[in-house]
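Chain B: place on chain A using the hints.
Protein chains: 2
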Amino acid sequence: MVLSALGKNELKQMLSELITRYEGLKSQNLNLDMSRGRPCTEQLNLSDPMMENLFRDYGFKSESGTDCRNYGLIDGIPEAKRLFAELLGVSENEIILGGNSSLNMMYDAIARAMSFGVYGSREPWGRKPIKFLCPSPGYDRHFAITELFGIEMITVKMNPDGPDMDTVERLSAEDESIKGIWCVPKYSNPDGITYSDTVVRRFAAMKTKAPDFRIFWDNAYVVHHLTDEPDELLNIMDECKKAGNPDRVFIFSSTSKITYPGAGIAMLAASQNNIQLIKKQLSIQTIGPDKINQLRHTLFLKSVQGIKEHMKKHAAILKPKFDTVLGILESELGGKGIAEWNSPKGGYFISLNTLPGCATAAVKMAKEAGVVITPAGATYPYGHDPEDRNIRLAPTLPPIDELKKAMELFTVCVQIVSIKKLLGELNR
Amino acid sequence: MVLSALGKNELKQMLSELITRYEGLKSQNLNLDMSRGRPCTEQLNLSDPMMENLFRDYGFKSESGTDCRNYGLIDGIPEAKRLFAELLGVSENEIILGGNSSLNMMYDAIARAMSFGVYGSREPWGRKPIKFLCPSPGYDRHFAITELFGIEMITVKMNPDGPDMDTVERLSAEDESIKGIWCVPKYSNPDGITYSDTVVRRFAAMKTKAPDFRIFWDNAYVVHHLTDEPDELLNIMDECKKAGNPDRVFIFSSTSKITYPGAGIAMLAASQNNIQLIKKQLSIQTIGPDKINQLRHTLFLKSVQGIKEHMKKHAAILKPKFDTVLGILESELGGKGIAEWNSPKGGYFISLNTLPGCATAAVKMAKEAGVVITPAGATYPYGHDPEDRNIRLAPTLPPIDELKKAMELFTVCVQIVSIKKLLGELNR
Chain A
65 MVLSALGKNE LKQMLSELIT RYEGLKSQNL NLDMSRGRPC TEQLNLSDPM
115 MENLFRDYGF KSESGTDCRN YGLIDGIPEA KRLFAELLGV SENEIILGGN
165 SSLNMMYDAI ARAMSFGVYG SREPWGRKPI KFLCPSPGYD RHFAITELFG
215 IEMITVKMNP DGPDMDTVER LSAEDESIKG IWCVPKYSNP DGITYSDTVV
265 RRFAAMKTKA PDFRIFWDNA YVVHHLTDEP DELLNIMDEC KKAGNPDRVF
315 IFSSTSKITY PGAGIAMLAA SQNNIQLIKK QLSIQTIGPD KINQLRHTLF
365 LKSVQGIKEH MKKHAAILKP KFDTVLGILE SELGGKGIAE WNSPKGGYFI
415 SLNTLPGCAT AAVKMAKEAG VVITPAGATY PYGHDPEDRN IRLAPTLPPI
465 DELKKAMELF TVCVQIVSIK KLLGELNR
Chain B
65 MVLSALGKNE LKQMLSELIT RYEGLKSQNL NLDMSRGRPC TEQLNLSDPM
115 MENLFRDYGF KSESGTDCRN YGLIDGIPEA KRLFAELLGV SENEIILGGN
165 SSLNMMYDAI ARAMSFGVYG SREPWGRKPI KFLCPSPGYD RHFAITELFG
215 IEMITVKMNP DGPDMDTVER LSAEDESIKG IWCVPKYSNP DGITYSDTVV
265 RRFAAMKTKA PDFRIFWDNA YVVHHLTDEP DELLNIMDEC KKAGNPDRVF
315 IFSSTSKITY PGAGIAMLAA SQNNIQLIKK QLSIQTIGPD KINQLRHTLF
365 LKSVQGIKEH MKKHAAILKP KFDTVLGILE SELGGKGIAE WNSPKGGYFI
415 SLNTLPGCAT AAVKMAKEAG VVITPAGATY PYGHDPEDRN IRLAPTLPPI
465 DELKKAMELF TVCVQIVSIK KLLGELNR
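Protein chains in written order, with the working numbering: chain A, 65 to 492; chain B, 65 to 492.
One chain only, chain A, in its complex shape (with noise of 0.2 Å):
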């Protein structure tokens, strides 16, 4: 029932009869949070037994005959290079391995194209005044780095099949200031989309006023999906050698979801002439990631296909709780006209969209009652939902008993806001 067809009164029998539910579940005191996409303690056992430290019979060597306590090797050891690379569909010559955070390896990219240019700059990005486009809703941590070093943050509109190319390839095209772009090409981050074919293509071609323009393509669900059935990402790097652009696009991805959060291994692939230009500064910023725990995810994770092999763990895990919220969602929420939202594939979100206006009110609500959810707001750039109807839902860290609670105090926030918008009563 379409709750807009309903008469004042009615509406405000359900209003009533909402707040009194609100008010019993606040009663309770639920200290509950839904707002990063943290792996939950069972997925994070499936991968104690690389803690074996099975390196100590190779005498901690590295294929290569490198002792891995020791220096050396600034871009990785050669055997978890090729099996990240085969990963991300590059060559082992296109890859660099990081320490365990890939924002960091994005961060860095950007702080060294600010500072230096990257491969093709005629100078430092950060000589004159520059913008990045941002897909939106989108990952704040992105925004957050352009924030930082003053870059202007244009808001690009997603479509069911990601970003909207016709804008992204007109922007790129008549303005020279434009040096890059943040994509989630994979189970996107809210959305949970995967960018078509033709979508990529499109990257891969499409002409861009700067010559030094850059796609940070962020691949941080590459593996990471929920059912049999996973979305398919066209690989990028083909894509942009065969339109002639070969150094357009700087992958990253990390394991930070295929084993741990707090002690994975970042990477970051491009082509070699990118590659060739990171290393030379790397040798001057660093001695190089731990290669231990290269060791490690390479003995533990094995190939490829061990890499899927334990994804599957992780979605066995994972998919209830993603089928708790939608439930939940659909319950509480569907038919009524108030919301709409994803059923994903992969990755680590749900993304729902209330009636306009109503985003910021439902979290605060929703907060006061002890559920922490993402901001709204956060996954547009510079916090700003010129909509205010986008709210990023992360099921993954809580136990199930806590996400039916959880959503039910949520939906019920969704609600209430929704007919407060509807009767005219909602304070902005």
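These are computed hints drawn from the structure, not numbers from a lab.
Fair warning: this is a prediction, and the values are worked out from it, not measured in the lab.
Think of the CB as a built atom: it goes at the ideal place given N, C-alpha and C, for glycine as much as any other residue.
One should not assume that every hint holds.
[What the hints assert, rightly or not] Just so you have them, the derived chain B footprint on chain A, three or more residues with Cβ under 8 Å:
hint: 1; region: 342–350
hint: 2; region: 396–408
[To be verified] One-sided excerpt, in silico: chain A residues whose CB lies under 10 Å from chain B:
hint: 3; residue: Leu-108
hint: 4; residue: Asn-134
hint: 5; residue: Asn-168
hint: 6; residue: Tyr-324
hint: 7; residue: Ala-327
hint: 8; residue: Asp-354
Just chain B, lined up with the frame of chain A:
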């Protein structure tokens, strides 16, 4: 017998014999490396019990209750912060733990200062041309960072008790564009000098024209003693506070040469004002360092006393190597008036000064016979030693029998080059 007192014929006779020795050594096809301060395998073995991963008994939990496998604690786990804060003589809220590379933390500190400024900056350092003071001979990788960022480097002479403070004070007081100085205050690289109390106090108290001047205090060898009578270094943080300049110093260190260079823990200590600003920036830069490695280190090293006991085992391995090098220097070069060197009480290097204009030629000759020494000049900004005298010897990596061969060859090269110099036969 001082060679300069000998006649031409005597020198020529000596030269002829030395060249015969050189050719003999060269024919052995040596392949030895004394170029970098790498720990040897026996040293690495000392920390292998760390890999027993005792943290599994604690459910991977930090004392704070945080699961170290997951996200969180961007500045480090409390027990590791407490341990390393005590090691560096600061409080727990004056330290940030990083990844495995203190060089990377120094690079980041410079990079952030260039892009955003430091606490108290009126503008980013990169907005105008700036300069750094570089006590030399010094650490080539420090100089490489400032060179990369286009920071002009001013060489400052090293005295036996630290940098020439008359020069440091005069330049810092008169030139606002001088924003900082590189220091290795204990067992300095390469001289093995520990700064005197007077030098430390002058650093803390000196006037700087730049209000946001920073001392980059790389305390890399804080517990890296070779003798039972270690040098004592005054606590720069305490002195800066006493002098009313609490925000002046960034202290860096790491466990690279305590546990593993390839998988250690780096740290930055500074005033709370500095730390708070850096933590704010870090929260955008990274999801935080590898916390499991912090847990691993804390459980293995246990306490500052534990670290000190552990370092005695390193010293037991290293002392004979340093003694070997010093013995050969004395027997081959002693009393000949062609070279001077130090006998450090800690650290990783022996610094040798040849006659002016001889260092490059001696290192080149050694390399041609298969012994790699740190390139001459590397210990000066821009790789330029104005007198071409300083050579850094790194005795830690090779086994003693190899060290003997390498040092015999090297000292033969120094003698050949010196005699050619005295004979006026040295080509520049």
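* Honestly, which of those hints from before does the structure not fit? -> 2
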